[in-house]
Structures are given as C-alpha cells and as structure tokens.
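**Student:** Sequence:
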Amino acid sequence: MQQASEGVPNPKAPKSPTCDSSVVIPPADQSLKQHFDDRRSEMNLLNRQGRALPETCTKRDVCLLMRQLDMDFYKRARAGTLTDMDFDTPPEISWLQTAHCMYNKRGKAMKPIMEKARCLANLKKAPVKVGHGRVKMVDNAEYPAGCSILNDKTNGKVTVIMNANQNSTAQAGHFVESQGASHFSRWGKDKYLYQLCEQDRSLSESAAAYFSPYKLKQSMVERAQMSTSCSFGMYAYLYKLKETSSSCAQILTYQGSKRFHSAQDALDQAKKAKMSGKGALAEEIEGYVEEQRQKFVLIDTIANSWCPGIWNEALARSSGTCSVPRVINWENQTAPAKIDGPRYTHIGSQKASLEARAASRKKHGWGATQAGGSYGGSSYKSGGGRMGQVEDDKEGEFFGGSEDQQPADKPSKLALEGDFCESIEDETLASILGGIPTAPPDFFRDAFIPDGTEHPDLKQEQPQWTRHERAAPAPAKRAASVRRHNPNRRQERMPTMYGR
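Sequential numbering of the sequence shown, starting at 1, is according to the working numbering.
It should be emphasised that the hints constitute simulated quantities derived from the structure, not laboratory data.
The beta-carbon is built from N, C-alpha and C at its ideal position, and this holds for glycine as well.
Certain hints may be false.
[Unchecked claim] 25 angstroms max Cα-Cα, derived SDA-like pairs, lysine to any residue: (1) K108 - L123; (2) K33 - I424; (3) K12 - R293; (4) K274 - E290; (5) K191 - T98; (6) K240 - R78; (7) K125 - Y192; (8) K240 - E291; (9) K33 - T253; (10) K108 - W95; (11) K217 - D300; (12) K12 - A316; (13) K258 - Y237; (14) K271 - E291; (15) K271 - E290; (16) K191 - T169; (17) K75 - E291; (18) K124 - K136; (19) K75 - G233; (20) K108 - D300; (21) K242 - K271; (22) K153 - V128; (23) K410 - L150; (24) K105 - P91; (25) K136 - V158; (26) K15 - A316.
[What the hints assert, rightly or not] Cβ pair distances, simulated, as ranges: (27) S31 - R317: 24 to 32 angstroms; (28) T253 - E92: 33 to 41 angstroms; (29) S431 - E284: 24 to 32 angstroms; (30) K105 - K258: 49 to 57 angstroms; (31) D88 - T169: 32 to 40 angstroms; (32) T81 - G277: 51 to 59 angstroms; (33) T98 - K129: 37 to 45 angstroms; (34) R259 - R106: 52 to 60 angstroms; (35) P27 - E177: 51 to 59 angstroms; (36) R223 - L281: 45 to 53 angstroms; (37) A430 - T81: 35 to 43 angstroms; (38) H174 - T253: 55 to 63 angstroms; (39) K125 - K258: 43 to 51 angstroms.
Whenever a hint applies, use it, and build me the whole structure from the sequences.
**Tutor:** See the structure below:
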C-alpha cells in the first residue's frame, strides 16, 4: 500500500474543522492535572473508592492520557522547558553590544529581560561599571526593550534604563555625532548602549501547537498505531511526575524485581514460601506476579488495540478530529496570522548568520567563506544562497510574511477533539484480564527438538499473557568465525620469498 509522503497532504485524511485553543489550553483557572481529574471524575474513572486499578483503567482513560500528552507539550514549549536540561540549567544571560535581542548575530533566539529585579542582579556582569542602583523607567521606542545601559563617554555618566515597550526595535551599539553624517544616532556625541538579553528556549504559539509529536500527521492516517501518542512510557512518566491520577498510568509504573528471573520463578518461590509457613511472603510474591501480568497485558492492549483504535474511530467520525495548521493565531484574534507570530526565533538567527557571511563575501570575495571558492568575485548573488537572493532585504519585510501565510510543505496535523473521549465505547482492563490465563506462558512446554541441525518445530501455539502477541521461534544463532591455523602456509610462501 502506498503511503502519503511527508509534506504532502493525504487525500485520505478527513476534512476536519480548524481546532480552537481549548484543544491544547485548559481553562484559565485550572492546571492540566486538575482539568483531567475533573474529566475522569465525570466519567467515574478516578480510583478514590477503593476499587481495583484494572476496573478504572479503561480505553477512555487512555484517550485522556493521549490528549494530556499533547497539552503538556504545548505548555512546556511555550514556557521553554521542553527538555529535562531546561529545568536544570537556566537560560544564558548576556549583554549585547550590537543589534538587539530579537535580531542578533549569536546564532540563537534571545529575548529582552523586562523585570527590574533581574536587571539589577545582572549589573555586575555589565561591560561597563555601574556604581549605583538607580533605574530610569521609560516607555518608548527610543531605547531597546527591557533592561539596557547607556554609557555617555562625554560626561562620564552611566544610566540604567528599563523600557516597558516590549516591541521596541532600538538597537544597542556605539553612537557618535559627526557633522554631515545623516546616518549617525540622534543621541549625538560619544555614547555606548548595551542591552541585557536571555536565551529564549520557548516556541511560538504556532510552533508549539503544530510541532507536537502527539498529534497525527496526515502521512500516518493509515498507520495510527505508530503515533507517539501511543507511548505508554510517557503515560507512566506523567504519573511519576504526579501530573495525572490515571489508573492506567499508575499500572504502567510497576517495577520488576531482580530477585526473580521470570514470573514462573517468582511463583515457584511463592510456593516454597507457603510450604515453609511464610504465608505473608508468599502472598506478597503472588501480588507482585499479578502486577506484572497487569502491566504487560496493558502495554499490549494500548499499543495494539486501544490507542490505534481511538485514532481510527476519531478519523471515521466527522467530529472526532480537528486540524491544526502550521500558522494559527489564538492569542490575538484581530491580528493577521504569521509564521511564528511576532518572534523570529531560529529564522532571526539564521538571517543574522547569513547576513554576516554575505558581508564577508562582499569585502573579501566568495572564497573567504566557502572552501574551494575564488577570491575577487564581484557578485555574490549568483551563488550566495538565500542571502544572495535578498541583498536589499529589510528586517520587517524578511520576518513579516504575508497575512495568513500557510506553508505549502506543511499540511495540517490532526488532533483529537476535546469532547471525543467521552463518546467512545469503553472497555476496562479488568474485563481483558478475565479472559487471559493467570499462569505465565511456557513457550517450550510442547517443543520438539529433532536430531541434526533442523530447526525445532513448535507443534502448537503457546498460551499467551496478551491477546495480540504470537510466539515466534527463536532466531538461529550465527556461528562465530574460527580462525584456523594452516601449518603449510609458511612453507608455501618460503620459495616465493627466496625466489625474489
């Protein structure tokens, strides 16, 4: 079967309406945990009445976990904490001496620091000594956004400035006054301006919603079982972080013990404990075996039945999914939607880098920045890559984009509708466990080992702990290569050596 290619709309994908912000953003007064706890409480899935976990671990519960993973990604992406390192390592803070935070040449996205306390805390690292803690508060486009320092060399005065205008595009740099030069600063004389910036690890509203791996690409409509939203390991991680009360997630956190090399070994030791009069120990071991049985049956059920079944059922309904385009505009409905909103992120860093390379090529020739090139080229536009095509580009034109711009190579992704989980037919883990043997499978109980090198023939299908797993014969081991000694090897070469 031919699958849809990446970056190409899939004609088999449903024509879903565009998602609203409720797909990834909970109500303003609720955390993600509280939001989904309330949903589970409405569906009677919260285990607060002493019921066994398999009774409240259901297909609907897994559906809510799939949605929570998507919403959790959006929340962390907007906060700039997508990786564990982001929680442990604070963003880099530095003083810019040229350009400004949103348009720098450091190869990374940065943003201005708008808090007065943080501004004062970083004065010790400023490129100029500040002997006071006074801050001049302004709200205009004359100074860079956030915290900055103005060093007036003519009178030796250093001023710390906090500009509340976050959209100011004023740049840091060295400004002097020269008669007849119209391009010099309006401040005049001899002044240095520095801006305090920190690394911006967050994604824009559009990027955080679109690039979530827990949404379904159009190319995966016919293989939904491969979706990252089926990651039972991430369900367990949410429970370990105490961000969910899901019974399924709790079962997935059950740990194995090194004391037993198999489930049957554990049951054998429980039997010995009973015979020795250690009933409590035997009961504890049997409980451990049952927990492992629940865990592995649940893993099989999620990966092969529940999660792909949820996606397939949602895709078959007209109101099961909604589409998430590459460009969205939830926060400001009146403004036109643009790529990455008002932030430049990686695009700004890329343009700054290309601009610096283009300036070097203008001065030193093409060979200055590309190995194998020739010096002295008068025109870099013929091979200058992206910058070669936009020599006279302006900052606003480069980043502005057209209104409601949707990239042709980024087809919309699909997300589960907010009220879809309540509408699916439910199934509990307890009902599945009731039809599966409690004894662990013995894959070699009925195996027949013939003489010779013939592969063993498994006469019949073995009992399983899962409904979807099938016992497969063990792959034949490849014999290790043996380096054999040839006693005649030296004698064969001797005549040749003496015959030279």
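**Student:** All the hints need checking, so say for each whether the structure fits it.
**Tutor:** Okay, the hints, checked on the actual structure:
1. Distance restraint check for K108 and L123: the Cα-Cα separation of roughly 22 angstroms lies within the 25 angstroms cut-off, and the hinted pair is therefore satisfied.
2. Distance check on the hinted pair: K33 and I424 sit about 22 angstroms apart at the alpha-carbon level, within 25 angstroms; holds.
3. Distance check on the hinted pair: K12 and R293 sit about 38 angstroms apart at the alpha-carbon level, beyond 25 angstroms; violated.
4. Straight-line distance between C-alpha atoms of K274 and E290 comes to about 17 angstroms, which keeps the hinted pair within the 25 angstroms bound.
5. Under the criterion of a C-alpha separation no larger than 25 angstroms, the hint pairing K191 with T98 is consistent with the structure, at around 13 angstroms.
6. At roughly 22 angstroms between alpha-carbon atoms, K240 and R78 fall within 25 angstroms of each other, so this suggested pair holds.
7. A C-alpha spacing of about 16 angstroms is found between K125 and Y192, which places the hinted pair at or below 25 angstroms, so the restraint holds.
8. For the hint linking K240 to E291, the alpha-carbon distance of about 17 angstroms falls within 25 angstroms, and the restraint holds.
9. For the proposed pair K33 and T253, the alpha carbon gap of about 18 angstroms is at most 25 angstroms, so the pair holds.
10. Taken as a hint, the K108 and W95 pair is honoured in the structure, with Cα atoms around 14 angstroms apart against an allowance of 25 angstroms.
11. A threshold of 25 angstroms between alpha carbons decides the hint, and for K217 with D300 the separation of about 23 angstroms falls inside it, so the pair holds.
12. Using a Cα cut-off of 25 angstroms, the hinted pair K12 and A316 holds, with the two alpha carbons roughly 11 angstroms apart.
13. A C-alpha spacing of about 22 angstroms is found between K258 and Y237, which places the hinted pair at or below 25 angstroms, so the restraint holds.
14. Note on K271 and E291: the hinted pairing holds, with a Cα-Cα distance of about 18 angstroms set against a maximum of 25 angstroms.
15. Taking the CA atoms of K271 and E290, the gap is near 15 angstroms; set against the 25 angstroms cutoff, the hint holds.
16. For the hint pairing K191 with T169, the CA-to-CA distance comes to about 18 angstroms; that is within 25 angstroms, so the pair holds.
17. This hinted pair does not check out: K75 and E291 have alpha carbons roughly 33 angstroms apart, beyond 25 angstroms.
18. Distance restraint check for K124 and K136: the Cα-Cα separation of roughly 18 angstroms lies within the 25 angstroms cut-off, and the hinted pair is therefore satisfied.
19. Taking the CA atoms of K75 and G233, the gap is near 19 angstroms; set against the 25 angstroms cutoff, the hint holds.
20. Between K108 and D300, the direct Cα distance comes to roughly 42 angstroms. Violation of the 25 angstroms bound is thereby established for this hinted pair.
21. The hinted pair formed by K242 and K271 fails the criterion: a straight-line CA distance of about 36 angstroms is larger than 25 angstroms.
22. Between K153 and V128 the CA atoms are separated by roughly 11 angstroms; this keeps the pair inside 25 angstroms, and the hint holds.
23. Distance hint between K410 and L150 is unfulfilled; the C-alpha atoms sit about 44 angstroms from each other, more than 25 angstroms.
24. For the hint linking K105 to P91, the alpha-carbon distance of about 17 angstroms falls within 25 angstroms, and the restraint holds.
25. With a C-alpha separation of about 11 angstroms, the suggested pair K136 and V158 falls inside the 25 angstroms cut-off, and the hint holds.
26. Between K15 and A316 the alpha-carbon distance is near 11 angstroms, which keeps this suggested pair within the 25 angstroms criterion.
27. Under the hint 24 to 32 angstroms, the C-beta atoms of S31 and R317, about 29 angstroms apart, fit the expected range.
28. At roughly 35 angstroms, the beta carbons of T253 and E92 sit within the given window of 33 to 41 angstroms.
29. Against the hinted window of 24 to 32 angstroms, the Cβ-Cβ separation of S431 and E284 comes to about 26 angstroms, which satisfies the hint.
30. The given range of 49 to 57 angstroms is respected by K105 and K258, whose C-beta atoms sit roughly 54 angstroms from each other.
31. Range check, D88 to T169: Cβ separation about 33 angstroms, and the 32 to 40 angstroms hint holds.
32. At roughly 54 angstroms, the beta carbons of T81 and G277 sit within the given window of 51 to 59 angstroms.
33. The supplied range of 37 to 45 angstroms is broken by T98 and K129, whose beta-carbon atoms lie about 20 angstroms from each other.
34. Range check, R259 to R106: about 53 angstroms between beta-carbon atoms, so the 52 to 60 angstroms window is met.
35. Between P27 and E177 the beta carbon distance is about 55 angstroms. The supplied range of 51 to 59 angstroms therefore holds.
36. Restraint check, R223 to L281: a C-beta distance of roughly 46 angstroms satisfies the suggested window 45 to 53 angstroms.
37. Range check, A430 to T81: Cβ separation about 37 angstroms, and the 35 to 43 angstroms hint holds.
38. For H174 and T253, the hinted distance range of 55 to 63 angstroms is satisfied, since their beta carbons lie about 58 angstroms from each other.
39. Between K125 and K258 the beta carbons are some 49 angstroms apart, a value that agrees with the proposed interval 43 to 51 angstroms.
The structure does not agree with the numbered hints 3, 17, 20, 21, 23, 33 stated previously, though it agrees with the rest.
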